[in-house]
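There are 2 protein chains.
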Amino acid sequence: MLRLNTRDPGFDAAFRKLVSDRRESDENVSRDVQIILDDVRARGDAALAELTRKFDQHELASDADWQVDAATCREAFDNLTPDLRAALELAAKRIRAFHEGQKPADRDETDKHGVRMGARWGAVDAAGLYVPGGRAAYPSSLLMNAIPAKVAGVERLVVVTPSPKGQVNPLVLAAAHLAGVDEVWRIGGAQAVGALAYGTERIKPVDVIVGPGNAWVAEAKRQLYGVVGIDMVAGPSEILLIADGQNSPEWTAADLLSQAEHDPSAQSILITDDPVFADTVADRIGVELAMLPTARVASESWNTHGTIIEVADLMAEAPALANALAAEHVQIATDDPQALFERIRHAGSVFLGRMTPEAVGDYVAGPNHVLPTGRRARFSSGLSVLDFMKRTSFIQLDAKALKAVGPAAVELANAEGLTAHARSIEVRLGI
Amino acid sequence: MLRLNTRDPGFDAAFRKLVSDRRESDENVSRDVQIILDDVRARGDAALAELTRKFDQHELASDADWQVDAATCREAFDNLTPDLRAALELAAKRIRAFHEGQKPADRDETDKHGVRMGARWGAVDAAGLYVPGGRAAYPSSLLMNAIPAKVAGVERLVVVTPSPKGQVNPLVLAAAHLAGVDEVWRIGGAQAVGALAYGTERIKPVDVIVGPGNAWVAEAKRQLYGVVGIDMVAGPSEILLIADGQNSPEWTAADLLSQAEHDPSAQSILITDDPVFADTVADRIGVELAMLPTARVASESWNTHGTIIEVADLMAEAPALANALAAEHVQIATDDPQALFERIRHAGSVFLGRMTPEAVGDYVAGPNHVLPTGRRARFSSGLSVLDFMKRTSFIQLDAKALKAVGPAAVELANAEGLTAHARSIEVRLGI
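Protein sequences appear in the order of chains A and B. Mind the numbering: the first sequence is residues 0 to 430 in numbering that gives the first Met the number 0, read in order. Mind the numbering: the second sequence is residues 0 to 430 in numbering that gives the first Met the number 0, read in order.
Since the hints were derived computationally from the structure, they do not count as laboratory data. Treat the hints with care, since some could be wrong.
[To be verified] Cβ-Cβ distance ranges computed for the label pairs, FRET-style: (1) B:49 x A:8: 47 to 53 Å; (2) B:398 x A:20: 50 to 56 Å; (3) B:84 x A:96: 25 to 31 Å; (4) B:11 x A:429: 20 to 26 Å; (5) B:11 x A:42: 21 to 27 Å; (6) A:8 x B:30: 55 to 61 Å; (7) B:52 x A:335: 52 to 58 Å; (8) B:11 x A:100: 54 to 60 Å.
Glycine included, each C-beta is placed from N, C-alpha and C at the ideal position.
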């Protein structure tokens, strides 16, 4: 764990290092991924079967080897305990309600010259959702990725998920049923992403691919960006906690560890103006870790990437630090969190007040938990309905409107040397 | 030129080939671009100076070699002819007005349990705009890229443009002045994109990079996607014209050539239900070409990629063909263009009616002319204010709200094996 103080002479350099530390894998999988994508594009299902045998020890022979049918997903849902089923249903309902509010409005306006112009939004035809097979196979992630697609109006929503040695996580299947997923394919890795983008004999291509994955999946999405739309380049999770000394050290330690338990590369940062509180929290982390089944991952993350920054004045100093870090999650535990929030420009999602642990946003609050990591909140946003939609603009002129604005277009087209552009207007104006 | 008829037995195969023909460079510049980006990242200005000497025959020594100052841009603007200045000003005013209407609304809602949730939009701090040095150095493109950034509220808007042998296009400088560009750097190629993304001693990094460029520039943007935000992967321009037999063959030929003159790889497609009209347009293309200074490019494009598709019934057949092509521009020249438009789901921008040549949208209508090409309208949209903004979601709970929804989150966290997530809620609920 790193301990910094903004009043220390070495602070600026140490903070710059913290900001520039991306914590992302440098594993160079680019060439291997390209070979796999080319293979899937050229040989389709045959390549998928070979690669799935090799990487997942799973034979794709019968239809049931390839695809999980709707009845199996429904069965997984019916087999949930009543409490878990109710929790999933509450989460789905709240996520759906919030995302309904993201649906964009069309525009259709006519100006004083009679130039009609506007924009019409529509859903993509088909979307693919990658669901990891291992540690990160979370039903909550399935809901957070699938529900915005369905709210957008996507007619065909396809899940791909590896089934190592034939195993598929029943909680994921239950969530797929609840979210209205249309197809579930038992494939994973770069080959699954390639199949979604290019299509194969069995699998029809999709237009957008979303969802988390390992370095191979992320690189496959990156390479296919432009062939299909993708959600984002995702890195390890992170939280920035801004807390005064009036907080419970136990709560604060629990909050920091809830991020740390995701991944050894995850990062938890605490900014506080109370040095005694900082010490108490640091001590409390050890107590909390002793209680956690996920202690191995959480302690590796906290020991390697955990940071406590002491400042003299939260309102005066924390916003600038937060904006430089542009963290995925920012939790503000003060009496007036709104005042600090007003000064924070770059963050994926903000959790306001002492009773808003980030974890509640991971599951049931409503806003999406798929958020920009690694300082990408400077330029990108969490997953939304818009990721599954696109806008077609339109214009319509009559003779009067063209007479009003056409000559300026002719002037500009000629200045750019685009004579045919100018001429397509001139012939209509008779000039 | 390719001539197809939906009633011919070979139509389906020929149309599939047309749809899958991406017309994009397969030039493999990926490795060279990676070397350049690594060099700029490691050596900054020294690398820029070397690469600019090599590729642009331009020495970066004095400040004036590096940067075009504001006074020079203003001078270029003041030197415009009155007609051209008025045309640029009209274009800028109309583009600004339309894009003002794209600014998204914030959300701030509280549900019956007392869970507050919402989303707040903000501009990125800085955006970079690539402006090509050669054939495609268009002042209209500068306006279309720069104005949405300024409307979004971007405080620092940086143009990079190569100045081969010291030359910079004065029209581009004039447009930069008009659009309120903050810095103009005389660098180009992958090295300029790298400088914008990573920053150098002289050039501060930006958050988003937009604008057209050659294969090297496009590949640099693709490789840096995730380090910065980018607008899109752009390919050659294209138009789909849906026209009945009641149109002027002269106008229609001019419309088809206005797209063809952009680039030998550009594509113009006409769908019509009138075979005689189709023949007349095809003949008229030759007449028009003879008048065009841009005939060399336009005829290469038309001969190689131009296509006329004859259908039996426009309303019944054209929408499905248009949706499969998902063209950048779709022009509908019929008496009731709206009826056809209602059935078109995938298009970058649609131009309605006989008096709406696509060229008017390139310059002065208002909507953006930076649009998805190569069937990407299936999943992406034209450039907009949103490309320069990002959304921060937020939630806020009090004790009552956490008691209402927290237990479901605990249930889900435990099911996912994320004990610390569960605990961060449990400690607050005292359970």
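Hint numbers contradicted by this structure
The structure conflicts with hints 1, 2, 3, 4, 6 and 8, although it agrees with all the remaining ones.
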